[in-house]
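Number of protein chains: 2
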Amino acid sequence: MDRAIETMTPLIEPRVLKGFRDFLPAAEIERRSLIERVESVFRAFGFAPIDTPALEYTEVLLGKAGGETEKQIYRFTDNGGRDVALRFDLTVPFARFAAEHRAVLQLPFKRYHIAKVWRGENTQRGRYREFTQCDFDCIGSDSAAADFEILSMMKEALAAAGAPAITIRLNHRGLFNRFLQTIDAAGKSIEILRVVDKLAKIGKDDVLRLLSGVLDDKQARKIIDYVETKGSWDETLDAMTAAAGGDNPDSERLKTLRDFMIDNEIQDTFKIDPSITRGLDYYTGVVFETTLDDMPSIGSVCSGGRYDKLTGLYSKDALSGVGSSIGLDRLLAALEALEKIKKRETYADLFVVCIDETRGGVYQRIAGKFREAGVSCEVFFEAKKQSAQFAWAENKGIRWALIDAGDGRVILRDLAARRNSAELSVSDAVLFLKKNIL
Amino acid sequence: MDRAIETMTPLIEPRVLKGFRDFLPAAEIERRSLIERVESVFRAFGFAPIDTPALEYTEVLLGKAGGETEKQIYRFTDNGGRDVALRFDLTVPFARFAAEHRAVLQLPFKRYHIAKVWRGENTQRGRYREFTQCDFDCIGSDSAAADFEILSMMKEALAAAGAPAITIRLNHRGLFNRFLQTIDAAGKSIEILRVVDKLAKIGKDDVLRLLSGVLDDKQARKIIDYVETKGSWDETLDAMTAAAGGDNPDSERLKTLRDFMIDNEIQDTFKIDPSITRGLDYYTGVVFETTLDDMPSIGSVCSGGRYDKLTGLYSKDALSGVGSSIGLDRLLAALEALEKIKKRETYADLFVVCIDETRGGVYQRIAGKFREAGVSCEVFFEAKKQSAQFAWAENKGIRWALIDAGDGRVILRDLAARRNSAELSVSDAVLFLKKNIL
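For the protein sequence lines, the chains are A and B, in the order given.
For the first sequence, our numbering assigns the number 1 to the initial residue and increments by one for each residue that follows.
For the second sequence, our numbering assigns the number 1 to the initial residue and increments by one for each residue that follows.
What you were told as hints is all true, and nothing was included just to trick you.
Because identical chains share one entry, a pair is satisfied inside a single copy or across any pair of copies.
Capping the alpha-carbon separation at 27 Å, the derived lysine-lysine pairs in BS3-like fashion look like this: (1) K434 with K340; (2) K255 with K369; (3) K18 with K116; (4) K230 with K198; (5) K71 with K309; (6) K309 with K396; (7) K18 with K71; (8) K204 with K188; (9) K343 with K435; (10) K188 with K309; (11) K396 with K385; (12) K201 with K188; (13) K204 with K218; (14) K155 with K434; (15) K384 with K316; (16) K71 with K116; (17) K340 with K271; (18) K255 with K384; (19) K343 with K396; (20) K369 with K155; (21) K316 with K18; (22) K255 with K230; (23) K222 with K271.
In short, the hints are calculated from the structure, not lab data.
Since the model is a prediction, treat every value here as computed from it, not as a measurement.
Required output: the full structure, derived from the provided sequences and hints.
Right, dumping it as structure tokens:
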């Protein structure tokens, strides 16, 4: 009966929404491997994971966001009549989280959050509507040591991710604002920041043109001169400090960070760059971007900065912090293009060939010995031709096959070399494989 | 200007939706530790992770589901006018995934998927509207070896999760259907399954009463007799086989599974239980449930079975498989109640005390030596009183403090014992801590 009805039901086309993706094993293993590697660095630094709901009150998520966000957000009324939306980033939920749980958070509070976010973006630009963000922040301390910890953790995390040489470009928003005051342009800082942020993309002439809509020619030229300041770290910082009206705490902060970098012998990774602004008015202190030296064109793979009113929307208490975000999709694309990633669609290094289906239990027992020793091992279920089983394994990227020879003896086959070992005891086979794989 | 406007904006109450949860560090570390431990077993067996979108076409998700699901689903029209919904389980998306990617999947295909799902359930019953499912399936093989692999992986995964003794109860839906044929009740199998599934919860008398609405008294009594068959595995199976009309492939399957269990010396974990039905008509072969021996009242923490038409809604090809799902929330609650879980809100075992803020770079350099050696190490940023720093660390569960004594010498303090070490070199301190922690 059931069967008859089902046959008559028209089939539903199996497809995902535009801008959404399935991750098949090879892609998912790659993505998770990247995440696990950066996560291990966060944990080594004592950063703790948190999680927040995918769905929140729209009011909570949209509080501060402007028109662009509102157009892109997945928003609807739930069955209980609530105005709800899917989170579009991890920063806003973190601000809500920090305000809500402030009383129980031990400050400084260091957290990371790696999770999906959703935006109804135009997919023509190669953007996805569902993607993973990877944020890490330290809140509750204004000290240079907190800024430095985020910066040095970025360097470590990207190294763990397999990124080759990187450059982290650093600026200070407070210092830029001081400079704008000296040229009487402080009132237009947001518009100016948005334009300057495009410098690398659109070039000096277009920036000048755009600035001339907001400022007079002389001011615009001074801004270009400032953001184009070049030289060593010390030379650049001295010039910026002079343009900003002389010694001040923001220049001092950049000096301290430089000292800390030298203490850790990582100063070569960092450049001071007055053109880095991070367009958001949210930042108030250091701001930074990271490029891959072998592929600068892909843009920043890790950016962030210091802010001083994280929870302002939800609480009168100011809570300051410094944080950063790794662009996982972009980083992954770059590592693939640079051939820094080995694709595999299985964790298994070995599989047990099925010769006699009644020995399925024995095959699992043998496989168990390898698994205990940390070798991932599959078992083939059906007594197909050995050549078919070998082909299946090779297609998946499993290099080794195990052939049960009975009486506790086994043969290991190197599928790449197409060569069999002599008969071995299971424990010798485990030792051999551990040596060759791990 | 901005500041003035913000002060006038009324504050937004920081709160999450009913039925949704934030995970603070202690809860999230616990949840992830559980996930990582079961995941390591899946990987050891060669199961690969996949991921699918949180949001899908409603048509794709609701195809087969009945009224209950439709009422609970988060469904809306997106900005492009599409009828979309948040996934309410991982089984339906997997069916869609398998149909869509069938051509590139190597069969048998073994996957796991650990991800959030959403249901607008009644929260009064202590249910959450956002929760994590943990599914693992092997599709494309009908063999007993596949059934056995899922069963033995369940046992391993629950052991890795820290679950003490467990019992996995096993039945076969095909065998039950054969029995129903012998009592002329096969046409009502779905209704009967739903009622029998409640046996443990509502008791024999109520089951009899409910069955009498569908069947005559004699049939109902025969069903009770069947599902109450008791004895050793062999005795029970023999009685069930006789009641089902004699030897048949389904009884044979249960015999083979028993042989495989004995091959692996794990037969004591498994019981044959004719009352296990798993209410869903989706299952066609073995079905199983897992209870914790020390807390059977909490119900099944891992259940599943064999099905033969996974992709039926989307494709004419039948694709059979066997799969299971760990109830992470329930398991976590049970492990907590059984005190099998050590709560901690940080991964850090050590922190570097801040005595002089200008030495922030040096503190990070020292911390780096511990991190390289696999010891998670925090750095305190501000030169607060040492007693305040110790209290902060103890509240977080960090046991060790490191005091920089200058000239490359350090002192380790055991915060629990309130005792300082002698002055050590950093490398000796690393060795000491590795020995005491890892």
